[in-house]
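Engineer: This is what each chain is made of:
Number of protein chains: 2
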Amino acid sequence: MGKLEGNVLIAQGGGPTAVINQSIVGVALEARKFPQVHRVYGARHGVEGILNEDFLDMTQETTNNLELVGKTPSSALGSTRMKPTEDQCRQMFKVLRAHDIRYFFFVGGNDSADGCRIVNDEAKKCGYELRCIHVPKTIDNDLPGNDHTPGFGSAGRFVASAFAGANLDNRALSGVYIGVVMGRHAGFLTAMASLAKKYPDDGPHLIYLPERTFDPEKFAKDVKAVHDKYGRCVIAVSEGIHDESGVPMVTKLMDSIEKDDHGNVQLSGTGALGDLLSAIVKEKTGIKRVRSDTFGYIQRSFIGCVSDIDQNEAREVGEKAVHFALWHDLDGSVAITRTGNYSVDYSLQPFENVAAQTRTMEDEFINAEGNNVTDAFLTYARPLVGSGFPRPHRIRAPKVAKILGWGDE
Amino acid sequence: MGKLEGNVLIAQGGGPTAVINQSIVGVALEARKFPQVHRVYGARHGVEGILNEDFLDMTQETTNNLELVGKTPSSALGSTRMKPTEDQCRQMFKVLRAHDIRYFFFVGGNDSADGCRIVNDEAKKCGYELRCIHVPKTIDNDLPGNDHTPGFGSAGRFVASAFAGANLDNRALSGVYIGVVMGRHAGFLTAMASLAKKYPDDGPHLIYLPERTFDPEKFAKDVKAVHDKYGRCVIAVSEGIHDESGVPMVTKLMDSIEKDDHGNVQLSGTGALGDLLSAIVKEKTGIKRVRSDTFGYIQRSFIGCVSDIDQNEAREVGEKAVHFALWHDLDGSVAITRTGNYSVDYSLQPFENVAAQTRTMEDEFINAEGNNVTDAFLTYARPLVGSGFPRPHRIRAPKVAKILGWGDE
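In order, the protein sequence lines correspond to chains P and F. Residues in the first sequence are numbered from 1 upward in steps of one, following the UniProt record's numbering. Residues in the second sequence are numbered from 1 upward in steps of one, following the UniProt record's numbering.
The hints are simulated quantities; they were obtained by calculation from the structure and are not laboratory data. Don't take each hint at face value.
Here are the computed distance ranges between Cβ atoms for each label pair [unchecked claim]:
| no. | chain 1 | residue 1 | chain 2 | residue 2 | range |
| --- | --- | --- | --- | --- | --- |
| 1 | P | V247 | F | R184 | 35 to 43 Å |
| 2 | F | T337 | P | A225 | 32 to 40 Å |
| 3 | F | E67 | P | P200 | 38 to 46 Å |
| 4 | F | K402 | P | E86 | 18 to 26 Å |
| 5 | P | G340 | F | N64 | 31 to 39 Å |
Bear in mind the structure is a predicted one, so any value in this text is a computation, not a measurement. From the three backbone atoms N, C-alpha and C, an ideal C-beta is built for every residue, glycine too.
Can you make the complete structure from the sequences, with help from the hints?
Structural biologist: And the structure:
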């Protein structure tokens, strides 16, 4: 065991997830088991809190309440959108030193991993012994070196549940339904909509991802083909879809629609992309009933829609982070590896593997046409949404013979 | 017991709910216990299915599968947006007679109640003995004569869960959040957002309902006041908010914004109202981070977010409908009465009390300022979202004393 004595600091960066508090609680409860740890601090609002020494003494919190906080979505310590500059990372280090922080755990995405890297380098330069561990989280599942990341499974469960319901709604009142899902560069979260399918004719029938170029003409053709076949169509679209040159569709479509003299469209509109795609479908297919929803912020913090698998893993990455730092004297980024169907284990990878890197969907997960996912993705994704995922059921009763037959006149 | 022998027909009208199938299954399983019932038919896609004799023989379905269907959101028989004309109601009657339907159960809102009324009158005129029962359902809770309606509790649970999460998200990353909820004339569903509050500073901090005139100036003042106090603001808005002359805000604001030369806005935009209100807040308060979500279709069909109370009551209105018709030879609309905190009982009211009538929120449920609900509403609403409603928890750890105090420089 490492003998390095001092305090522990936990901070969070980036957007909240449904299970991020499990990681914070995992670190806090596990760290207190080590005699060389004096106090466990939590930084309020991430980097801002570190720069302002805005710390809570988590050592003076009950285990019961920490367990309850662990089950609460969105960061209980607060977060920030501020990305620390190299300079600020050096300042952060000064604060850590002042508070005798010897173990620093930063829960976040690739920017947080980069922050860890810089703080760690700075400590080495100054000969200040400090253990730095990056604890992964993101709903986008875009961190390299991980089978998947904590937060993704629960957000995916929300997306799959929303599409399962939207498919039932669309089946009862037919038409075209478009659901716009978060994910600018990685389509993983949008792809989770595929888990909503149970019966062969269930939606989502089409899935458009930022890993592929989006072609409005092809899109309209795809929708018409599905609508001709089933009399309805449910579509999952990533907010990040773009043209061949990488221009986001939401921008592109505005222009084309202006040129078509359909009038300007408010760019800031959170519903803009969904509305524009609806306009395309109506215009190019003549289908009248077209509806779109933009899942927006609900999908990352909706209370009560959590994957138990995700929750357990978020807790474990926090606990393992402590083990790597305190048992093994290591620095780095905790990574999840899949060891079975379904089981995982945890390792530590160099910050560089994660820092400022972005993972996108592997080709094997996207179909040849680029408008849906493959069975390989379904196999990969299914365990992550956890147990008790609700399943729809249909009436199988036979038809009754007509007597008047007006409909056939 | 009534001796009237023949077949049973179940149909559904209007928008789906999360528990509507419980009512259909309640009718189907209960009706089969009566010897005078030969067959139980289900009409596909409501009125359309009746006019086309598109019936399923529910008598040839297993109890197990019906129970599973009952737990599935959105109408398993399919629905329609078609509102039957008086003429079509007479045609519907002809179909019922052709199929020896003697018991007609129509699950829906006030239009369906009106349909029942006309079919029933027609049957009387023709001296054809027919029992007609309207079974209530709506997510808007806008049916007179009912304490509340099946479907409302589950939709309300979704809205409350979404705002509970949005409040946590907004607390972690501060700013202004606007959630737009369904409900053109009745604000009940929007008001359910109030159940998300746990701590005194929790959102939603402001709730705007169609029962009150919406004033953009007052709205901006309200938001600024909350933001000045808490550094953040969470707002629930009904899609139906309007000015003193009843013009919907979404229309009104477009104009004003055009006049302000902010450029045109696509009226069809599902996100339009949220975007427009965001623009107002930014413009009139100077607050930078303003976000809006439009809950759209997710709120009425999201799978896995169901109130157990709502589910049980939806089942019971179906069973009671059969009792009224088959034990007591009555026609009318089933109504839910609250008999305790919390318990309900069921009665039958004349179609006229419900048909084409709309209930809006009672004054005692809305605060004097018209920007929130009262404790009376919280007491009324709490039982309806059911058991196991998730509750957020906060870290209560004390602050750590600053050492460098840069923030205070």
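Engineer: Now, for every hint given, state plainly whether the structure supports it.
Structural biologist: The hints, checked one at a time:
1. V247(P) to R184(F): 35 to 43 Å: holds (37 Å)
2. T337(F) to A225(P): 32 to 40 Å: 51 Å Cβ-Cβ, so the 32 to 40 Å window is violated.
3. E67(F) to P200(P): 38 to 46 Å: violated (24 Å)
4. K402(F) to E86(P): 18 to 26 Å: holds (24 Å)
5. G340(P) to N64(F): 31 to 39 Å: Given a distance of about 33 Å, which is inside 31 to 39 Å, the answer is holds.
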